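These are the residues of each chain, in order.
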Amino acid sequence: MTGTPVKVKITYCAECGYEPQALDLTKALMYEFGAQLSAIELIPWESGTFDVSVDGSLVHSMKRDGGFPEHAAVNSAVRARLARTPTV
Amino acid sequence: MTLDRARWDKGLTYDEFKAAMTRNQERFAENERRVVLDPETVRTFKGLPQPLRVLVLAEDWCGDVIANLPVLGRILKEQPALEARVFLRDQNLDLMERWLNQGKYQSIPVFVFFGQDFKELGHWIERPASVTERRAQERKRIFAAHPEFGSPDAPVDQLPEDVRTRLQAELQKMRDDMVPFANAEVQRELRELVSKVAV
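From first to last, the protein sequence lines stand for chains A and B.
Every position in the first sequence, counted from 1, becomes a number in my numbering once 152 is added.
Every position in the second sequence, counted from 1, becomes a number in my numbering once 17 is added.
If you are wondering where the hints come from, they were derived from the structure by calculation, not from laboratory data.
Model, not experiment: these values are computed from the prediction.
Cross-link-like lysine-lysine pairs, in silico, DSSO-like; alpha carbons within 30 Å at most:
(1) B:K121 <-> B:K157
(2) B:K213 <-> B:K63
(3) B:K190 <-> A:K215
(4) A:K179 <-> A:K215
(5) A:K161 <-> B:K157
(6) B:K27 <-> B:K63
(7) A:K159 <-> A:K179
(8) B:K190 <-> B:K157
(9) A:K215 <-> B:K121
(10) A:K159 <-> A:K215
(11) B:K190 <-> A:K161
(12) B:K213 <-> B:K94
(13) B:K94 <-> B:K27
(14) B:K121 <-> A:K161
(15) B:K157 <-> A:K215
(16) B:K35 <-> B:K63
(17) B:K190 <-> B:K35
(18) B:K94 <-> B:K136
The task is simple: from the sequences and hints, build the whole structure.
Written as C-alpha cells, this is what we have:
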C-alpha cells in the first residue's frame, strides 16, 4: 500500500482520564502504519469525548457510536483512505 | 458485596488519598482552598445526631473528583464525627458496581453515607444535576456568541487550531467561573442528603 500519507486526529476527554486509550490507539497506529501517516494529532478535550478522524472524516465518535473504537476498525479506515489516495 | 469493618479499614483516609495522588495535586489543593463552606452546611454537619461514615470512590485523573471531593474534604475538617475512607475506583470495581450512575455508568466521585453499623443511609454521585444543566446552558451561550465555533455537536477536530484553542479557553473560563455555584450546589445536595438520612 503506497497511498499519500494520511492524518489521524484523536480527540479525547482529558477530564475523564481517557489518556490510556488515546495513547494505546496512537501506539497501535504508529506500529501499524509508520510513515504512511503524515501525523497523529492528540487533542485533549472534555465532555466525555473520544473521537477519531482520518483525513477529516470522522470514523469513530463515542457520542455517536458508543465506547472506544476497536483498533481494527480505525486501521481499516486508514487503509481505506490510503487506498483511495494513491501516490502519483 | 457487603461493606464491613475489614473492608472499610482498607480504604485511604482523605489525607492519605491526597498524599497518594499521582497527578492533579495542585489543582485539587487549589479547589480545596476555593471552597467556601456555607454556614448552613457547617450547622447541618455539626448537628448530625449520630457519627457517620462516608465511603468515597475516586480516581486522581477524574475532573469531577478534582472538583467535588475537596468540598467533602472541607466538611470533614469541620466535622470530626464524619469519617471518610477513599477507595480507588479501578481497584475496587465490586464497590463501583454497587453504586453505578443510572445503573450503568461508573461515574465518580461517589459518596456513600453509612451509620456506624455500616447500614447504607444514602449516596451521592458525580456532580449535581443543576451544575450539568448550567454548564449545558453556558455552553450553548458560548457557541451562540461565537459563530466561528460552529455547531456544539460537531467534532472539534474539524475546527482550525486557533479557533479550537479559543473555544477551549472559553470553555475553561466558563467552568472556572462556575466553581462557586458548583461548590454551593454540592453542599446543598449533601446537606439535603444527610438531613434526610441522619435522624
